[in-house]
Amino acid sequence: HDNKKLFHILEIDIKKALAKHKGRFLNTPFIRNMLSEHIEKIIFKRSGRRPLVLPIVVEV
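First residue of the sequence shown: 178, per my numbering; consecutive thereafter.
By construction, these hints were calculated from the structure, which means they are not laboratory data.
Just so you know, these numbers come straight off a predicted model, no measurement behind them.
Mixed in with the good hints there might be a few duds.
To be verified - Straight-line Cα separation of at most 20 Å, EDC-like style, residue types lysine to aspartate or glutamate; simulated pairs:
#1 Lys199 to Glu214
#2 Lys197 to Glu236
#3 Lys181 to Glu217
#4 Lys192 to Glu236
#5 Lys218 to Glu188
#6 Lys218 to Asp179
#7 Lys222 to Asp190
#8 Lys192 to Glu217
#9 Lys197 to Glu217
#10 Lys199 to Glu236
#11 Lys199 to Asp179
#12 Lys197 to Asp179
#13 Lys199 to Glu188
#14 Lys222 to Glu236
#15 Lys182 to Glu236
#16 Lys222 to Glu188
#17 Lys182 to Glu217
#18 Lys218 to Glu236
Unchecked claim - Cβ-Cβ distance ranges computed for the label pairs, FRET-style:
#19 Asn204 to Lys181: 26 to 34 Å
#20 Arg201 to Arg226: 26 to 34 Å
#21 Arg201 to Asn180: 17 to 25 Å
#22 Leu231 to Ile186: 12 to 20 Å
#23 Gly200 to Gly225: 33 to 41 Å
#24 Val234 to Ile189: 25 to 33 Å
#25 Asp190 to Glu236: 36 to 44 Å
#26 Arg201 to Gly225: 31 to 39 Å
#27 Lys199 to Gly225: 17 to 25 Å
#28 Phe202 to Gly225: 33 to 41 Å
#29 Lys182 to Glu236: 27 to 35 Å
#30 His198 to Leu231: 15 to 23 Å
#31 Arg209 to Ile186: 33 to 41 Å
Cβ coordinates follow ideal geometry from the N, Cα and C atoms, glycine included.
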């Protein structure tokens, strides 16, 4: 249940972070770095550990 809660929190935070940049041209490396930083911060706050985050961004 803890993992589900964490994934839900991550999903909300990622959507908020992407919404801040809505309408702007965003390149893949920028998005990858932004997501990685946000995810690392949240996991570190909750667990006290530094996670290894490997975001995968698919361009459509």
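For this structure, which hints from the list above don't hold up? 11, 12, 14, 15, 18, 21, 24, 25, 27 and 31
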